[in-house]
Amino acid sequence: MAHDWSDPSGLWGLVGEFEKPEDLMKAAEAAKHKGFRKMDAYSPFPIHGLSEAIGFRDNRVPWTVFIFGILGVTCGYSLEYYTAVIDYPMNIGGRPLNSVPAFIPVAYEATILCAAFSAAIGMFVYNKLPKPYHPIFNTKNFERCTQDRFFLAVEAEDPAYDAKVIEKVMKENGAVEVSECDY
Amino acid sequence: MAKVQERKLNDLLITGDQTYSSIDSSVDRLILNQKLHGKGWNMLFAIGIMLTGLLGLSIFWLLYQGIGIWGNNVPSAWGFDIINFVWWIGIGHAGTLISAILLLMRQQWRNSINRFAEAMTIFAVMCAGLYPILHTGRPWNAYWLFPYPNILAMWPQFRSPLMWDVAAVSTYFSVSAVFWFVGLIPDFATLRDKSTNKYGKVIFATLAMGWRGSNQHWHRYEQMYLLLAGLSTPLVLSVHSIVSFDFAISIVPGWNVTVFPPYFVAGAVFAGFAMVMTWGIPLRKWYNLKHLITDRHIDWMCKITLATGLIVFYGYLLEIFYSWYSGNFYEFKLLMKTRFTGPYAPMYWLLIFCNGIAPQVFWSQKARRNETLIMVVCFLISVGMWLERFVIIPMSLTNNYLPSSDKMYYPSFWDVAMFAGTMGLFITLMMLFIRFLPVINIFEVKDLFYKMGGKKEIVEEVGASK
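Those sequence lines, one after another, are chains A and B.
This note's numbering applies: residue 0 is where the first sequence begins, and numbers increase by one.
This note's numbering applies: residue 240 is where the second sequence begins, and numbers increase by one.
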């Protein structure tokens, strides 16, 4: 059930605010046990284990980097082979046209360049950034999310969404405040 | 427990009574409170701008007159241009080393020094990059170095170390810039949320690209960051190895040695760490950042400088050894007639003093705690690393196989002006960076703070009972 963007009102989700990362972690795990799936945690720095706690896994970035790395080495070496062997062969002191050792540095740098750019671009693409507007920014106090507060949001689209249960889970695990967040 | 008791508070990576928000404000006040930057900043910025002007002037004069304005001559076709290129690119290496290799090794202490070390890398590579382009004499044709289909049906010669150089340096710059920028994004988000100024909010919101600290984003972000580190680690080693191939692939006495790649890489790290400390020590003092860049950071950086300095010194000893052991007459002549004695000998002995002897003070813990002494040694190291490239380039070129090569190399006014100019560019960019971007990686320091939360309490309790 997607949100109708022509209607600017409507409930996006319920957001709990926490003071400590440990509380956020416990709350996320408890919420997962209650069966909530469309949820996300927000924190000023990466917290290890939180992905497992909210049940999130994604390995597309490493695979992208691997594929682009292979693409980089292929393109780099092919370019060298094409220029030095096929299109513009030059006999220098009887050395082989396909001089493998001499071709390694450039092919290698091409690999790194492709892989590194694909890592950064892949991160942006899969994260759907840049994104100027997101409903979570409407949450009360959310500007502290990049400073010293930790948030857990359960979206209203979650099939198991039940405001009372979510609020209870969050409060039990030390949420300072639980507030509704609109589109 | 005994060990913990001996540990002093200033030995920790984050000292004092900190919270997440105090870490925030100690870094972002440099940007959000512009009144903090006083006379010192203005003075250094003015010096930087003036020298950058000199750089512009010398580039203009170079383009107008040609390479003849430099001191390069026939045996010594490489002079200040290549010396300074190698020097600058070496300085950049500590930044990538800190951000990549230490990240892979899970060395948490890198967190508070990596940001300005990376900035230093980028600015140093910018300074370095000017030289190879300008020393061609016809920089408007620099694009010939890139492989593109053209009407002459010619391609670059990929067997040449100079082409490897182009690939290595441009890749290095691009990857470092990407690494640096993605590292800044979460900090831009912090600045966006903390700035009260309308323009600041708009600028930082644009740069943060809607970063909201979502866990799913962090998940991919960390994967990317680790991969970038893994890719940059061999990159940083390859760049200076390839720079050393510019020399080592030749047959010039004093250049044609297999030890060059590791010796150059160690020298680069050595020079880079010296430069990180040269900036880091005043920075933490003037801007009250001693609780984030602590004595322990300085101590460990001194140790790395000492270790890489010993590798470099081993390289010098090896150069002496192989010129004797190889039985090559020209190698031995170079050593005896140009390095140990002769008109350039003072430069060689000064190099041995600066790079071989001066860093040995870091064996003593007292010296590693003495900021003035560290600054002096770091300055000597910077001079020494420059001298090393001087020893390699003009000394070998003015003494090789033919008597016709026996000619001196003297830099001209414009050589010196351009070198001072690149320093000005570096200073200007660093000053702007200190004023407008977070000098310390805020989110990584918070992460470190979270991870060492437990340890801090123990030490404080022990300290209190004393």
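Please keep in mind that the hints were generated in silico from the structure rather than gathered at the bench.
A few of these clues could be false.
Stated by the list, open to error - Taking lysine-lysine pairs in the DSSO-like style, the calculated list, with each CA pair at most 30 Å apart, reads:
1) A:Lys170 / A:Lys37
2) A:Lys139 / B:Lys440
3) B:Lys690 / A:Lys37
4) A:Lys130 / B:Lys529
5) A:Lys130 / B:Lys437
6) A:Lys19 / B:Lys529
7) A:Lys33 / B:Lys529
8) A:Lys127 / B:Lys437
9) B:Lys690 / A:Lys170
Hints, one by one, checked against the model:
Between Lys170 (chain A) and Lys37 (chain A) the alpha-carbon distance is near 19 Å, which keeps this suggested pair within the 30 Å criterion. As the CA atoms of Lys139 (chain A) and Lys440 (chain B) are separated by approximately 18 Å, the hinted pair is consistent with the 30 Å bound. Note on Lys690 (chain B) and Lys37 (chain A): the hinted pairing holds, with a Cα-Cα distance of about 28 Å set against a maximum of 30 Å. Distance hint between Lys130 (chain A) and Lys529 (chain B) is unfulfilled; the C-alpha atoms sit about 36 Å from each other, more than 30 Å.
Distance hint between Lys130 (chain A) and Lys437 (chain B) is fulfilled; the C-alpha atoms sit about 20 Å from each other, no more than 30 Å. Distance check on the hinted pair: Lys19 (chain A) and Lys529 (chain B) sit about 26 Å apart at the alpha-carbon level, within 30 Å; holds. Straight-line distance between C-alpha atoms of Lys33 (chain A) and Lys529 (chain B) comes to about 46 Å, which puts the hinted pair past the 30 Å bound. Pair hint Lys127 (chain A) plus Lys437 (chain B) holds up; C-alpha atoms about 26 Å apart against a cutoff of 30 Å.
Using a Cα cut-off of 30 Å, the hinted pair Lys690 (chain B) and Lys170 (chain A) holds, with the two alpha carbons roughly 25 Å apart.
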